[in-house]
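Each step along the sequence shown adds one to the number in the numbering used here, with nothing skipped, and position 255 is 252.
These aren't lab readings, by the way, just hints derived from the structure by calculation.
Possibly wrong hints are sitting among the right ones.
Cross-link-like lysine-lysine pairs, in silico, DSSO-like; alpha carbons within 30 Å at most [stated by the list, open to error]: (1) K74 - K90; (2) K25 - K61; (3) K61 - K49.
Listed next, with one range per pair, are the computed distances between beta-carbon atoms [unchecked claim]: (4) D17 - E265: 30 to 40 Å; (5) V245 - A72: 22 to 32 Å; (6) E6 - K163: 42 to 52 Å; (7) S111 - Y213: 35 to 45 Å; (8) D17 - V277: 49 to 59 Å; (9) P276 - P97: 41 to 51 Å; (10) K61 - P248: 45 to 55 Å; (11) P242 - I27: 42 to 52 Å; (12) K30 - V245: 42 to 52 Å; (13) A191 - P78: 52 to 62 Å; (14) S111 - K61: 14 to 24 Å; (15) I27 - A72: 30 to 40 Å.
Yeah, the Cβ is synthetic: ideal placement off N, Cα and C, and Gly gets one too.
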Amino acid sequence: MIGNEKNSECDLPWWDGALDNCRAIQEKFIAQKSKTRSYCGKRADFAGPSQKVLSYCVYGNYSKYASGFPSILDAIKRLYPGWLVRLYTEPTKYVNELKPLMQQHPHLYVCDVSNLAGDIPDVRRTDSMLWRVAVLGDETVDVFLVRDIDAEMLDREVAAVHEFLKSGKMLHIMRDTSSHGVPILGGTYGVNQAACDRSLLNRIRGQVLDQPKKSYDQSVLQTYLYPKLVHSSIAHDSFTCQNFPSSVPFPTQRKDGKFVGNRRYRSEFSDDMVKIECPVKCLSLIHI
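Please put together the full structure from these sequences, using the hints given.
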């Protein structure tokens, strides 16, 4: 199959069930006419409730931005066992890249941004970096983390996420270099939706996805999401901890200058590292 062709025995596109479980998915959503609740697609809905999701997006030059995605998928399987991965994209543009990945990684779910369930089925009109926010308010998802597709996943991040999940807070933020001096970054935050009012999350989702092209994703998040959830947040911050509320130290020490929110899988940034010491006030007492 190429493009948006379907399996001759399946009425679903390759990214939404034709590669696996087609008969069962068709039975639920076509024969039984069940409503698709997931803001990804039928296959993601079929994965059931209470999902834990890492949300990504890809657009433009796949090889430039997403060459490290196979490594990311392997790392997620190891570091986040039981979690699912959503990739918000235009799947017909990346058939050769994504079909093999889906077959190799059953925890990968590809979401067609031109045909999502919910009140905003086509999110292509908004800035592409905001596509990954389409998971917000999804009733099948209890927790989601938004990440960059060019970032290497670190144990440091996972340890911080574990603290967030134990805290019961709604919002998780990570700032891990001196340049991360903004309230919320576009690829280092997460939301515990099980602790939130879903109707509020869906209102925020509508505001975020209603923004025009060329909207800066961090500014949009800072305007619409951050103010509504910051009262119940935990922010792991290694440099600007005194500038923002709810800041706590990272639970692990930095290794080899690596930082959360890196761009390791883009050649021009592959050597990026933190070369200065974190301020003592932003360190855990056990690391001083």
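Taking the earlier hints as the rules, which of them does this structure contradict? As far as the earlier hints go, 2, 7, 10, 13 are violated by this structure, in ascending order.
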